[in-house]
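Protein chains: 2
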Amino acid sequence: MSGVVSKARAARRASLQLANVSTKVKNGALLKLALAISNNKRPLLRANAEDIRGAERLVKRGKLSGAFVQRLKLNNDKLRDVAGMVRSVARLPDPIGRTLYAVELDRGLELYKVSCPIGVVGAIFEARPDVLPQISALCLKSGNAVILKGGWEARRSNEAFFELIRDTTERAGIPRGWIQLVEARREVREMLKLDEFIDLLVPRGGKEFVKYIQANTSIPVLGHSEGICHIYVDARADLEQALDICYDAKVQYPAVCNAVETLLVHRAIAKRFLPRLAERYRRARVEIRGCEQTVKLLRGIKRATEMDWRTEYLDLIISIKVVGGVEDAIDHINTYGSKHTDAIITRDRRTALKFLTGVDSSSVMLNASTRFSDGYRYGLGAEVGISTGKIHARGPVGLEGLTTSKFYLLGNGHIVAEYIGPKARSFTHRPLRRKWDDVVRVFNVG
Amino acid sequence: MSGVVSKARAARRASLQLANVSTKVKNGALLKLALAISNNKRPLLRANAEDIRGAERLVKRGKLSGAFVQRLKLNNDKLRDVAGMVRSVARLPDPIGRTLYAVELDRGLELYKVSCPIGVVGAIFEARPDVLPQISALCLKSGNAVILKGGWEARRSNEAFFELIRDTTERAGIPRGWIQLVEARREVREMLKLDEFIDLLVPRGGKEFVKYIQANTSIPVLGHSEGICHIYVDARADLEQALDICYDAKVQYPAVCNAVETLLVHRAIAKRFLPRLAERYRRARVEIRGCEQTVKLLRGIKRATEMDWRTEYLDLIISIKVVGGVEDAIDHINTYGSKHTDAIITRDRRTALKFLTGVDSSSVMLNASTRFSDGYRYGLGAEVGISTGKIHARGPVGLEGLTTSKFYLLGNGHIVAEYIGPKARSFTHRPLRRKWDDVVRVFNVG
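Protein chains in written order, with my numbering: chain A, 858 to 1303; chain B, 858 to 1303.
Check the hints yourself; a few may be wrong.
Pairs involving identical chains hold if they fit within one copy or between any two copies, as the list cannot separate such chains.
[Claimed, not checked] Derived EDC-like pairs (lysine to aspartate or glutamate); straight-line CA-CA distance at most 16 Å:
1) Lys1211 to Asp1294
2) Lys881 to Asp951
3) Lys930 to Glu1053
4) Lys1292 to Glu1044
5) Lys1068 to Glu1053
6) Lys1211 to Asp1188
7) Lys881 to Asp1294
8) Lys1050 to Glu961
If you are wondering where the hints come from, they were derived from the structure by calculation, not from laboratory data.
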């Protein structure tokens, strides 16, 4: 039995117990973990420093970028943020044990649908070492066991975080084995095959990385490979708003998935709007690539190719296309977009409604920046990820994305034969006020 | 462009419109369809008679079973049931457009999470011709386009149903192209590759059939390949109840996925219970295969092998194992089960709770027959299928399983830059009473 299989087996075993650990014990473990992170800054930074030294050697040999090393680096402030994040996860409501549906099927036959953990989550992420404590805290809170696979360049930081989390939480009553670390790169390929033990994969990293995982596993994957977000500036847009929003969505943080990549501009306002926008973009050093009409209106810019409409730049580059109206905009987005986040700027409510309902994306916005598309901003408490898939979870996903549900049916000798044939009893299907919690309380008395 | 691709493309196009068709138009189309089925019994039966003749030729050559022909056969009663089913789907509440979450992020910045169709559903099913109108009605009601692939043996019945549904619903205002029929067997393989156009596959058929589909596509699959259901008869069971439930769960309809396949019996009552149960089973011609202890208690039965614990008989066969207690039972089920439906018979509430929370299956029952695990019985209105996966939907799945959600964010020039840095505005995250329906009403006025 390979190392990964035995770790996955242990995680599966632990997950069955973890599913029934109380909110109090889970939150207690999270608060102790936050404290342990604050109290162990020195060993964590020491481990990180080793990773940094290794990475810097690779920078010298031209194998890694300086930006990479920056993302890899931990410091006191970052560790304080990590501890704060763990504490905030402890404060979130428990997503487990919620009664989603409760109905009496017949006298003495009660059905409860209750939220429960998925089981074992496989988290695969690239170098940033603060992802490990974040995804671990989210899994613990939602009662899931987790198998972690971090980037090779952050391996000492990951090990240090992993050991601290494992030791602290297991001492605080979380079932032994609930958290597992996988290190070798070839072990990822093994993980992707373990659909018997792993219920959900949560990849965190670049587009190619996520695409590789999606293409090489039959385990469901929660996440998105890219965000090709659009803003359509309608003929009836408030142009001042449009300028601010187009600027914010591109410039405020261009390296993220909810930044805008393509603007679609109604031809009736293109001449008034584009030169002013181009001026603001120029000052922020945004490169513009335009369609034929845009190129005519803004001299000295590059022509956008078919490829540009399909590209997530994640950089200070934007493509612009002049369109005939909202239908054209919707068509363009549904053809070239990635179903992530798209916005319309308009004062016309009917046009807005056409766009909102016609664009097939996880978030569709009116007169707001695409950058709002985020679990924290949406008030979901914590963000597990943003899903561009339509199954299980769509858009920014909170803790709920790490849960599933289970039906409990409580009878008193009920058999199906009585509900069949000419003298069949009929079902009452009467909603119940009682929640699953109440049942558990009564049953615990015995 | 192959035939399947162009059909899938047409379905995708239609799905974008169908997503916004009103409840009234959808229900109207369903009621017209019910009527059309009643009014077209003769051509439907004629098409079916051709299929039956073809199938009977294959029976003579020993290539099909008589039972197969029975399942293939339509008659006036079955068609009346089909029309009734379509009418009942019209009467169900619309699963689309429900506001799942509504929160003010800040003044004038409102977020709505709203249920919406998944898009394009691929339905692949074996011979029973009444599956086609059922899955079509469920897709229409939930605003999804559907690509249907039925069994070759039922192709004329499927064509007749398909044409009737297409013509009736398109005349009633459902977007052209929303329903597509794929016929050749090689086209299934093509369908499985169309993850660009098909959002969800719903297979209906035997275990091998579903397993084949799951193994050969990256499109999410809703369904289950098998139901290895268990009943654990505890030391503190009411033995009369246990007898009735074990009989019902095996004998009432053995060919279905929620029939019981393995009994686990507490050793303290095995000697009292098993001979009585065996007597009832013998009268119903149920073959018993037992563990060593069961074989000692019930002379003349076969010994169960390791393979028996993993087998879904779908027949009048049952395997029985004597166990030491509830923990053993839970372990056995989590090891050999299929996460479908399992039950405990006991009067001890603490033991019951241990079993209910410890068994990792989509439905777990107390003192009731596993045969209750079904969308209609659970009060879900209609059953799309039973999912043994944990992602997206679990257990009996109603129309909700054919929906996803979409976030709408309505702002008034809001940008993210204002919520960042030392002078950052903060989010209010105040729940909204307003529903998305209300927004649509106001926006439609213009």
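- request: List in ascending order the numbers of the hints, as given earlier, that are violated by the structure.
  value: 3, 4, 8
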